[in-house]
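Residues 85 to 398 (the numbering used here) are what the sequence shown spells out, left to right.
Any given hint could turn out to be false.
[What the hints assert, rightly or not] Subject to a maximum C-alpha distance of 30 angstroms in a straight line, what follows is the list of computed BS3-like cross-link-like pairs (lysine-lysine):
#1 Lys-279 x Lys-151
#2 Lys-255 x Lys-271
#3 Lys-168 x Lys-304
#4 Lys-175 x Lys-279
#5 Lys-151 x Lys-304
#6 Lys-304 x Lys-175
#7 Lys-151 x Lys-168
#8 Lys-168 x Lys-279
#9 Lys-271 x Lys-175
[To be verified] What follows is a list of derived Cβ distance ranges for each label pair:
#10 Gln-315 x Ile-165: 53 to 63 angstroms
#11 Gln-196 x Asp-225: 37 to 47 angstroms
#12 Gln-289 x Val-134: 50 to 60 angstroms
No wet-lab data here; the hints were simulated from the structure.
Just so you know, even glycine gets a beta-carbon here, dropped at the ideal spot from N, CA and C.
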Amino acid sequence: MAALNKPHQLQLFVLSSDSSKNTAAPAPQPREVSDSGVSGAREQMDLQMVLDQRLSSETTISSEDEKRILHLEQALDQALIYLKELREQVKNQSQLEEQLASMEDYAYVQYQAITHLQAQVAQYQTTLSEQDTVIVELTSDTTLTKSNEGNSQLEVQQGRDILQQENAQWKHACQELQQECDRQHRKLASLEQEKATMQEQILQQVRRLDEGETAIQYWKDQHTLRQQQLQQLIQRVLGVLERKQNAETVQDPLDVSELLGILNSIQIEQPSSPSFPPTTANSLALPDFLVRRHHHRFDSPPGSLHRGHGASST
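Work out the full structure: start from the sequences and follow the hints.
Rendered as structure tokens:
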């Protein structure tokens with residue numbers, strides 16, 4: 085804040101020096117002067133007017149730089165607030181990663197269950213084929229033992245009924261197992277989709293964090309540059325005022341060309357674009373190169389997003 089108050093101190097110093105000059109300077113005594121003396125006095129008055137005009141314009145420019153620096157400080161504070169929010173989002177990202185890990189474990193358990201169910205289906209099918217073989221054998225036995233059809237035929241019929249019931253039960257169990265396998269496959273596909281969505285959200289949060297940190301560093305550099313330019317401007321103006329005061333004290337005016345060279349050497353770098361208005365924590369003003377990069381990412385195909393992330397991580 086002390087650096088920001090220096091332009092006001094500079095204005096007070098200019099006003100006090102002008103007032104002391106007006107009060108302390110003795111009234112000129114009438115005297116006879118030559119034509120060359122009159123022209124020299126006129127040149128001195130013209131130089132004094134030019135110097136006063138340039139000093140007033142430099143003071144106005146210093147006020148504008150102060151406003152720009154104030155806007156940069158506001159943008160820097162808001163960028164720090166936005167970085168804090170991004171860090172909170174990173175904490176939420178760690179929770180999402182833990183949920184993703186638990187879902188992967190659950191998907192692995194479901195995969196093992198599906199494998200086990202498929203093995204059971206294969207075993208049931210083998211049992212059914214064996215039972216069909218037994219039925220065929222029993223049927224052949226009944227043809228060979230027609231003489232003992234009495235009780236043997238009843239037992240064969242009972243055996244057939246039992247085998248048919250068991251066969252129906254096995255088929256029903258196989259259908260249920262097949263339906264369960266289909267449900268597990270659909271559930272696994274849904275979990276894979278959720279996993280891809282969470283990975284995409286994590287990548288977007290990481291990119292937003294990188295862009296926020298880059299924008300903060302950019303505004304810090306701009307703030308430092310404006311501070312340096314303001315300090316250089318103040319030092320040069322103070323030097324000109326000090327030399328002017330010394331020249332008036334010893335009654336030795338400065339050389340016109342030297343003063344004009346000093347005034348022309350004071351150049352203030354104007355910003356290429358107007359200062360950004362105050363932004364909210366959720367809409368941080370990004371530099372131009374980050375805005376172009378952000379639009380390029382969202383305009384690119386979805387597949388190139390993963391490839392770009394993988395290339396940047398390597």
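To see whether the hints hold, each was checked on the structure:
1. Lys-279 x Lys-151: Violated - the C-alpha atoms of Lys-151 and Lys-279 are around 49 angstroms apart, more than 30 angstroms.
2. Lys-255 x Lys-271: Given pair Lys-255, Lys-271 holds - Cα atoms ~24 angstroms apart, limit 30 angstroms.
3. Lys-168 x Lys-304: Holds, at about 16 angstroms.
4. Lys-175 x Lys-279: Roughly 18 angstroms between the alpha carbons, so the hint for Lys-175 and Lys-279 holds.
5. Lys-151 x Lys-304: holds, 16 angstroms
6. Lys-304 x Lys-175: The given pair, whose Cα atoms are some 25 angstroms apart, holds under the 30 angstroms limit.
7. Lys-151 x Lys-168: holds, 26 angstroms
8. Lys-168 x Lys-279: At roughly 27 angstroms apart (the allowed maximum being 30 angstroms), Lys-279 and Lys-168 satisfy the hint.
9. Lys-271 x Lys-175: The given pair, whose Cα atoms are some 28 angstroms apart, holds under the 30 angstroms limit.
10. Gln-315 x Ile-165: 53 to 63 angstroms: violated, 28 angstroms
11. Gln-196 x Asp-225: 37 to 47 angstroms: holds, 43 angstroms
12. Gln-289 x Val-134: 50 to 60 angstroms: Taking Cβ atoms as reference, Gln-289 and Val-134 lie about 59 angstroms apart, which means the hint holds.
Of the numbered hints stated above, those contradicted by the structure are hints 1, 10, listed in ascending order.
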